[in-house]
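J.: Numbering-wise (my numbering), the sequence shown opens with residue 5 and increments by one.
Among the hints, a few may not be true.
DSSO-like, lysine-lysine: derived pairs with alpha carbons at most 30 Å apart [said to hold, decoys possible]:
| hint | residue 1 | residue 2 |
| --- | --- | --- |
| 1 | Lys637 | Lys356 |
| 2 | Lys657 | Lys101 |
| 3 | Lys657 | Lys637 |
| 4 | Lys51 | Lys637 |
| 5 | Lys617 | Lys657 |
| 6 | Lys101 | Lys637 |
Computed Cβ-Cβ distance ranges for the label pairs, DEER-style [stated by the list, open to error]:
| hint | residue 1 | residue 2 | range |
| --- | --- | --- | --- |
| 7 | Gly124 | Leu222 | 46 to 52 Å |
| 8 | Glu97 | Asp66 | 43 to 49 Å |
| 9 | Thr262 | Ser311 | 18 to 24 Å |
| 10 | Leu222 | Pro530 | 55 to 61 Å |
| 11 | Val253 | Gln467 | 40 to 46 Å |
| 12 | Gln467 | Glu63 | 45 to 51 Å |
| 13 | Arg54 | Arg213 | 48 to 54 Å |
| 14 | Ser311 | Pro60 | 32 to 38 Å |
| 15 | Gln649 | Glu534 | 55 to 61 Å |
| 16 | Lys356 | Lys51 | 39 to 45 Å |
| 17 | Ser580 | Leu56 | 32 to 38 Å |
| 18 | Glu97 | Asp469 | 56 to 62 Å |
Since the hints were derived computationally from the structure, they do not count as laboratory data.
Built from N, CA and C at the ideal position, the CB exists for glycine as well.
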Amino acid sequence: MKVHVSRHFRIVQRVLRLAQTTGMLLLAACTGGRNPEATSNSYPDGKTARSLPQRPAAESVDWMQQEFSVGEETLSLNYSTAVLSLDIVRPDEHQPKLDRILATLYPDMGSALEAAVGCGTGVLPSIDMLDVYQKYTDDRLLAALELELSTGDIVHPGGRQQWLAELLAAIPVDDDPTRQRARAFLATAIRLGGSEALLEPQLSAMSARMQSDFERNLLRSSVIGFYSQSEGLSAVFRRDRFLQGHSGVDGSSWLGSTPAERLALLREIDNALSGSIALRDAYNDFLAVQSLITNPPALGTLNELSSATEESRIALFPHSRSLEEELFTGQVIANPMDFLRRSLLDGSAELKTTDDSGWYDYQQQALETLLLPERGSEFSKLALSPAYVARLEQAFEATITQRRETQSKNLMAGEVSAAPRLEERPALHLEPAPTLYLRTARAYRFLHDSLAGLPANAAGNEQLDWLLSESAAAMRRYYAMHCLSCADIGLPLGISPQELAGILPEEHEPAAADPLLLGSGVLLDPRFTEEERLQLATLMQEAADWLALALQRDPQYAAAMAYDPRVCVPAAFDASGIYNWGVIGVRLLLLESAYVDPPVWSTADELNERRLKSMFAEGQQRLIPVYEYADFKSAAPLSREQFRQWCDQSRSKEEFRLVANAYGGTVGKSWLEQYGVWIVILICLALFRDRLFPGIFGAKKEQPGPDGEDGGESPAVG
């Protein structure tokens with residue numbers, strides 16, 4: 005008996021160990037699909053890509069002459085009319101290893117670069133690879149700024165926490181119900197921000213109810229983005245989202261149960277502000293900083309209370325406006341990303357900046373040429389295949405997700421020397437997107453100049469000095485990427501000598517620059533002096549060195565390349581749940597570049613003529629690491645940690661969708677994770693009940709004999 009039970013118990017253990025594997029098969033069956041193998045067939049093929057407008061002829065620029073040695077002859081080549089074709093291609097059948105690499109989903113850029121080593125194909129720094137550096141920089145900048153605004157001296161001594169405490173003390177302690185609710189509201193915000201506020205005992209229950217009402221609103225209170233990485237940032241997120249509660253018919257319940265109560269509470273806080281010039285000035289400064297780092301308020305502030313009615317939507321610190329919220333709200337939308345893309349393509353919406361735009365508008369405008377490449381200055385220089393157009397659209401979806409996720413707290417989802425030898429061409433240093441790099445540099449310049457204009461800069465602030473240094477370094481790097489990309493494709497620089505002020509190195513070593521960069525035709529632009537050309541060459545060399553070290557996973561850039569890009573952010577919501585945009589990992593694509601129109605040259609040597617024609621007729625294939633984008637629905641917002649757990653269970657976009665569907669739109673464990681093991685246990689118990697528990701369920705009934713009598717014991721075999 006003991007032996008039988010032990011043997012069957014081991015069987016049950018083995019079955020339970022297989023439960024997770026069996027679960028994935030059940031998962032596919034329950035969602036009407038199968039467990040897919042990641043495959044390069046999911047490549048962007050361009051079948052559904054839109055047709056681009058006719059490409060204009062590249063403008064000939066006489067001064068863009070670049071000298072090269074071919075054989076014994078020195079030739080001048082003009083790249084200004086050269087046109088480069090870009091295409092996403094599939095690996096050949098005899099490259100199974102490369103096909104497996106392309107079919108794999110990686111958690112970060114560093115892992116993708118490591119996998120590409122030894123595959124026989126070089127790696128070209130991609131738009132997405134540079135974006136990981138941007139995401140890494142943006143998250144660090146904004147996290148440091150948020151903590152400084154919360155408890156530092158950049159706007160008000162002691163930060164927003166101390167400002168709230170002083171505002172609470174400015175409201176009289178009496179039996180007036182509106183003042184009591186205003187005091188409870190501010191005390192709740194202080195507590196959510198990580199501090200304790202002195203509050204009368206009778207108001208503690210009121211404060212607890214306000215916090216409970218806020219926390220029941222998962223779309224508002226769930227901590228998302230980089231804010232979930234530390235307790236301090238999580239507290240900032242919850243406090244500021246609480247303070248975004250607004251008045252109006254559809255107002256926030258924690259402000260009051262009726263429009264009149266909500267408006268009265270905000271008026272009481274405004275009265276307290278009016279009694280202190282310092283508090284009022286700090287309030288306006290807090291609003292101004294948020295307008296700079298994200299965008300101006302989407303709702304009214306306390307400064308508009310004088311003309312407000314019960315229907316007015318007013319908040320103490322409103323969330324920032326965004327194109328997505330304005331576009332999605334009130335619309336019947338099945339897929340927010342598709343709706344955004346169609347709206348931008350048909351012209352009903354536009355990624356643009358205005359006189360009062362904040363950093364978020366500048367960040368979004370930089371992405372425009374990914375979706376509308378014809379608006380970039382490089383359009384006449386690039387012949388884009390349908391597959392490459394589809395790749396750019398995927399890059400747009402992923403990068404706009406990254407920008408929105410960084411700003412998630414302040415944004416709301418819409419309801420709904422000697423001439424060098426001529427090398428094999430095209431020799432690209434990075435994926436050609438000069439307009440994107442230039443606009444990104446200008447976005448960082450806007451942030452840097454806005455921070456430099458804060459009063460705290462004149463007074464001296466160590467944290468602000470660090471922010472200025474980091475934003476200046478990012479601005480400089482993207483200006484350098486723009487110059488290098490222009491040199492790659494023979495496009496005049498999009499910046500003027502005046503714009504270069506403040507970003508060029510004070511000390512330069514022109515001899516340290518690559519001769520190919522020093523002799524680049526774009527540096528012959530007559531707008532620049534000889535000194536500026538040498539400085540630009542050094543700047544381009546910095547970009548080339550940075551890219552080379554990043555590809556080699558140099559330790560000083562390891563943090564950026566290992567930065568996990570897998571993030572998601574709510575974009576819209578309706579009664580059925582939340583529409584999320586997500587970057588689920590990194591994959592590799594095979595980029596093929598070739599000259600449609602080669603550079604212009606003139607030679608009397610027939611051998612050199614044949615050499616040049618043969619050289620420029622050849623194309624190049626390089627791997628580019630790119631984001632993998634996916635949209636999905638959930639019942640509540642997901643933190644980074646929850647979302648990445650889903651991603652860890654997926655090897656492809658198809659598998660991720662199966663995992664997301666299996667969770668039934670809920671945050672936490674899927675029904676399969678909750679009950680799957682118990683289902684397997686019950687099945688095992690049913691199969692082995694008589695042997696595991698003999699006699700409990702009754703003796704086994706013997707098989708009757710041919711005459712209806714008991715068959716008795718079976719005869720021995722043999």
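J.: Run every hint past the structure and note whether it holds.
T.: Hint by hint, here is what the structure shows:
| no. | hint | result |
| --- | --- | --- |
| 1 | Lys637 / Lys356 | holds (29 Å) |
| 2 | Lys657 / Lys101 | holds (21 Å) |
| 3 | Lys657 / Lys637 | holds (14 Å) |
| 4 | Lys51 / Lys637 | holds (26 Å) |
| 5 | Lys617 / Lys657 | violated (42 Å) |
| 6 | Lys101 / Lys637 | violated (35 Å) |
| 7 | Gly124 / Leu222: 46 to 52 Å | holds (49 Å) |
| 8 | Glu97 / Asp66: 43 to 49 Å | holds (47 Å) |
| 9 | Thr262 / Ser311: 18 to 24 Å | holds (20 Å) |
| 10 | Leu222 / Pro530: 55 to 61 Å | holds (60 Å) |
| 11 | Val253 / Gln467: 40 to 46 Å | holds (41 Å) |
| 12 | Gln467 / Glu63: 45 to 51 Å | holds (47 Å) |
| 13 | Arg54 / Arg213: 48 to 54 Å | holds (52 Å) |
| 14 | Ser311 / Pro60: 32 to 38 Å | violated (51 Å) |
| 15 | Gln649 / Glu534: 55 to 61 Å | holds (57 Å) |
| 16 | Lys356 / Lys51: 39 to 45 Å | violated (31 Å) |
| 17 | Ser580 / Leu56: 32 to 38 Å | holds (36 Å) |
| 18 | Glu97 / Asp469: 56 to 62 Å | holds (57 Å) |
The structure shown violates the earlier hints numbered 5, 6, 14 and 16.
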